[in-house]
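First to last, the sequence lines map onto chains A and B.
Sequential numbering from 0 applies to the first sequence in numbering that gives the first Met the number 0.
Sequential numbering from 0 applies to the second sequence in numbering that gives the first Met the number 0.
These are computed hints drawn from the structure, not numbers from a lab.
Just so it is clear, the structure is predicted and the values come from calculations on it, not from any experiment.
Glycine included, C-beta positions come from ideal geometry on N, C-alpha and C.
One or more hints might be untrue.
As the list claims (entries may be wrong) - Chain A is faced by these chain B residues, among others (derived, beta-carbon under 7 Å):
#	residue
1	GLY30
2	ALA49
3	ILE73
4	LEU95
5	LYS148
2 protein chains.
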Amino acid sequence: MPVNPYLTFRVATLEDVPTILALLADDSTSGSQHGEYGEAHRAAFEAIDADPGNELIVAELDGEVVGTMQLTYIPGISRGGALRMQIEAVRIASGLRGGGLGGQMLRWAVERGRTRGCALVQLTTNKARKDAHRFYDSLGFVASHEGYKLALS
Amino acid sequence: MPVNPYLTFRVATLEDVPTILALLADDSTSGSQHGEYGEAHRAAFEAIDADPGNELIVAELDGEVVGTMQLTYIPGISRGGALRMQIEAVRIASGLRGGGLGGQMLRWAVERGRTRGCALVQLTTNKARKDAHRFYDSLGFVASHEGYKLALS
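All chains, full assembly: derive it from the sequences and hints.
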């Protein structure tokens, strides 16, 4: 699988949040849901940043943020008391999709989960995202579960 | 929908963990995955109990634990900086299934999420659990997503 040696990953800072929000908005499936940058996004960033169980990650290429994802580490009684990693809000800048950056970002996430002792990595993706399904299939993920959502607001 | 006035809910203690594990094991889809009660389960309980973003819940009927679920509160940048509740490891004692206790437990969870300010409740359930799909459909959940898993161990 292709590896871009100039792609780097780091934990996001508050200054990255407008760019992360722009990446989330640049999406035909859910792009309109995320709102204009404001106090609620800053508060969410502070909550993530203060929580050792959550990491907001950005991918950088030539000093520019080109990707993002959020990692959540969830302890549980099931599967032998296993820690699981959950990945949410995965995006690569639209002009750079299909070039392997997403695979590199996901493989980096899986390795980070392994290093932290996770026994399982999980994520959900909208059923309309057929390209994403092929992408996660190619990375060895198994679509074994139905992903249910209930909006409260 | 039926309501059993004797069904109560509370945060689990360490003493509940063997019973929770027995509920998880009493399941034809994943029952064999959870292991014999031991140090890893106790450590997982301590991690959950110490984390304000996680709650391990038990349902009691006449002083007996008859159900369990884990609630995780995940802050995020998406959806306007929304907090989401995730529900994992939902079980009702096998002899009591189909009587409405699970619906009562899930509605309680949704209300707890609403009280904590969650904009979304989410969960995944194995595609083999057809009864569970009808159950979540009946509670208003929408199976909009594919649930992907990658086992690391």
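Hint check results:
1. Contact between GLY30/B and chain A, as hinted, is not supported at the beta carbon level, the nearest pair being about 10 Å apart and thus beyond 7 Å.
2. Because the smallest distance between the Cβ of ALA49/B and any Cβ of chain A comes to about 9 Å, over 7 Å, the interface hint for this residue is violated.
3. Below 7 Å, beta-carbon pairs count as interface contacts, and ILE73/B has one with chain A at about 5 Å; its hint therefore holds.
4. Look at LEU95/B: its Cβ only gets to about 20 Å from chain A, farther than 7 Å, so that hint breaks.
5. At about 5 Å, the closest approach between the beta carbon of LYS148/B and any beta carbon in chain A falls short of 7 Å, and the interface hint on this residue holds.
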